[in-house]
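Protein chains: 2
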Amino acid sequence: MDSLKVAVLGAGVVGSQVVRLLTEQKSELAQRVGAPLEVIGVAVRDPKRSRHGVPAELLTTDASSLVAKADIVVEVMGGIQPAKDLILQAIANGASVVTANKALLSREGSDLVLAAEKAGVDLYFEASVAGAIPLLRPIRESLAGDKVNRVMGIVNGTTNYILSKMETEHATYEDVLVQAQDLGYAEADPTADVAGHDAAAKAAILASLAFHTKVTIEDVYCEGITKVTDADIIAAEEMGFVVKLLAVAERMGDDAIVVRVHPTMVPKSHPLANVRDAFNAVFVEAESAGELMFFGRGAGGAPTASAVLGDVVAAARNRVTGGIGPGDSSYAELRKLDISHARTRYYLHIKVADRPGVLAKIAGVFADNDVSIQVLHQDGRGSDASLVIRTHKASDAALAATLSGISKLDVVDSIIGVMRVEGERGE
Amino acid sequence: MDSLKVAVLGAGVVGSQVVRLLTEQKSELAQRVGAPLEVIGVAVRDPKRSRHGVPAELLTTDASSLVAKADIVVEVMGGIQPAKDLILQAIANGASVVTANKALLSREGSDLVLAAEKAGVDLYFEASVAGAIPLLRPIRESLAGDKVNRVMGIVNGTTNYILSKMETEHATYEDVLVQAQDLGYAEADPTADVAGHDAAAKAAILASLAFHTKVTIEDVYCEGITKVTDADIIAAEEMGFVVKLLAVAERMGDDAIVVRVHPTMVPKSHPLANVRDAFNAVFVEAESAGELMFFGRGAGGAPTASAVLGDVVAAARNRVTGGIGPGDSSYAELRKLDISHARTRYYLHIKVADRPGVLAKIAGVFADNDVSIQVLHQDGRGSDASLVIRTHKASDAALAATLSGISKLDVVDSIIGVMRVEGERGE
Chain A
1 MDSLKVAVLG AGVVGSQVVR LLTEQKSELA QRVGAPLEVI GVAVRDPKRS
51 RHGVPAELLT TDASSLVAKA DIVVEVMGGI QPAKDLILQA IANGASVVTA
101 NKALLSREGS DLVLAAEKAG VDLYFEASVA GAIPLLRPIR ESLAGDKVNR
151 VMGIVNGTTN YILSKMETEH ATYEDVLVQA QDLGYAEADP TADVAGHDAA
201 AKAAILASLA FHTKVTIEDV YCEGITKVTD ADIIAAEEMG FVVKLLAVAE
251 RMGDDAIVVR VHPTMVPKSH PLANVRDAFN AVFVEAESAG ELMFFGRGAG
301 GAPTASAVLG DVVAAARNRV TGGIGPGDSS YAELRKLDIS HARTRYYLHI
351 KVADRPGVLA KIAGVFADND VSIQVLHQDG RGSDASLVIR THKASDAALA
401 ATLSGISKLD VVDSIIGVMR VEGERGE
Chain B
1 MDSLKVAVLG AGVVGSQVVR LLTEQKSELA QRVGAPLEVI GVAVRDPKRS
51 RHGVPAELLT TDASSLVAKA DIVVEVMGGI QPAKDLILQA IANGASVVTA
101 NKALLSREGS DLVLAAEKAG VDLYFEASVA GAIPLLRPIR ESLAGDKVNR
151 VMGIVNGTTN YILSKMETEH ATYEDVLVQA QDLGYAEADP TADVAGHDAA
201 AKAAILASLA FHTKVTIEDV YCEGITKVTD ADIIAAEEMG FVVKLLAVAE
251 RMGDDAIVVR VHPTMVPKSH PLANVRDAFN AVFVEAESAG ELMFFGRGAG
301 GAPTASAVLG DVVAAARNRV TGGIGPGDSS YAELRKLDIS HARTRYYLHI
351 KVADRPGVLA KIAGVFADND VSIQVLHQDG RGSDASLVIR THKASDAALA
401 ATLSGISKLD VVDSIIGVMR VEGERGE
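First to last, the sequence lines map onto chains A and B.
Each residue of the first sequence is one higher than the one before, counting from 1 in our numbering.
Each residue of the second sequence is one higher than the one before, counting from 1 in our numbering.
Do not rely on the hints blindly, as some may be mistaken.
One copy or two, it doesn't matter: identical chains are merged, so the pair holds either way.
Unchecked claim - Below, in silico cross-link-like pairs of lysine-lysine (DSSO-like), each with a Cα-Cα straight-line distance of 27 Å or less: (1) K393 / K408; (2) K147 / K26; (3) K69 / K26; (4) K69 / K118; (5) K84 / K118; (6) K48 / K84; (7) K118 / K26.
Note that these hints are calculated values from the structure, not bench results.
Construct the complete structure from the given sequences, taking the supplied hints into account.
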């Protein structure tokens, strides 16, 4: 059979690994696909820079001409443009596309999906969420006969590394961030990670697939880890919890979803609590399948390239057999509710005056807003007196009202910690 | 588009749930597939028995006539015959087949795969290993561009439940087994589970897929949990380990594999150690992807039916788009070595005489057989004196020779515990 022509856009950490694997595993891949895969070129901006072993003769700066000749286009250049136009060009030419571009997918994913569907070509993007972990394919295909109710994931390795270190070393956020930067786990400008933007992009992609609904990053409530204190971590520890940055997408009733990213207390007995350091994991609750978890490395050149290669093989096989993989149409069109509709438990740490009647006043505010208290501890005396409260499930709106009410009480000095709690059973 | 005709063989716990889901999710499934799925009949042996809500008009005892009319055949009857002949009939007719039959697949899987490949139809069997957990599809498709080095799984819920209870309640194997039988977690005749046969069948299926090699249950070394004592569990606990029944399939050098099922000590920090009760999990080590884990419910009607439905949707989509899923050919043809070639660490608990020179003699036997000691504890005095030893990695053959040598020493009273250790890094 004729070989399939593969164009690679981008020769960074991932692109160079993709080229390496396509070359090294050539004969094995040909057996799996049913036809040889041939890398016809690698598009880069500056062909003079070192390319981690990509042969110089493959390099080109003319991405568009390269795309025009390809059967399969692998886009690992990142960014919105020119990535988007090149992908659309490839689709219009009848080529299949594999991309790892979460920024693009979380903003314009549904346009790309629609274009691919109309053109009858495959658009795969396993590597865009949780790197090497096979996650999107299982959700899209293995759970195709099931109904997903909830997806809850640790999808950003940098923040998980920072939170894990804060937990094990009882260090401050600032100290651990510097450590992480020294080790290369965090960028010099860590905003995209620590502010939750990266996790929010992945949450949008996951939610789109899991709920067959168009979800963009603008639909995702996003709160990073920059305000997590060592006091929060210690309080979690004392209650048998750990703090994780979770991306949560969940069904609300029959026709709506809420998608959110925020620091979260998770009980130590929950499978997500044991996911440490730079590892990623996604926990899925489906109607029939029950609880599932997918765990592995979320980033890195080789792991991400492994996911890209899996997609390339799938797209290539489809071309050989004449089929096309399942699309990701947004036929369900669920409504996207904002965070005020989310229902979770909350942890609150309140500094209070040490005098009789404080508890009654505070409990009154909870009751007025219909927020039920699950556990309450009074700690310290005198100027150190504080209350630690965990609630039953309540809406975000009800909690916001409760917080506002409490902060106005004269017996309350300050609210020193608030965090959502996930992963316990029941209401 | 014309509807696709689905025949279901078997109306037990799984079959009835499959029919329920196909009926309840009819319109959603039609959207995902691109054509409606119609259940044209359910083959049973005795149509008079209650069928968990399967409509009586669908029941038939003539499985062969039903198969002859189907586009997709779902085999959830179990056992070798008539399941095998019906599947081969379906394939010969050009129908796609979805089966959950691990007994059949672990014995004659490669015949079925070959027949499906020749006929150009899909043969899917996600539900045969680890129930609802999407596992075979990720290994087959997502890791298609990677190289799997090791698969290590908790694939039997009954034994995991028993071992978890022995651990948390410090109860004996016999007591927990009775409890598990009362709760329905273990069969009246628990042999298939506790002797490791069920896990061995799944190990064969997993190994075939992961290593593209024909592996049957006869190739799998199999040791159950019936000899695991509370002393083993306590010793593991003291060392920071837990005891799990693991199915392990691993690459040995370039051209061979070993596949084995046995009780194993796993460090508490390993992701598999936290998989408790009836849950299943499979840990995969791949060259590029690194460490992955898949976690979820291994059994039960609804979870298993979810996996079957995912396969039905994939097979149905392939019929609509004219494609065919990736096959599971055994092109790699790796050699299957027996257990004596496996290299693991070992835990040994030896009752010894309390007199000088004991340790030197025992250490001498280890050295003679080239087995290196990693950790050693001497416990107790007088008639209670014992040695607890954990070794570095050694071959099973070397350990067998060591055990034989030790048991012949006059200073050794008896060997009261031996177990393989997995999940630590390094040699």
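Index of numbered hints that the structure contradicts, given in increasing order: none
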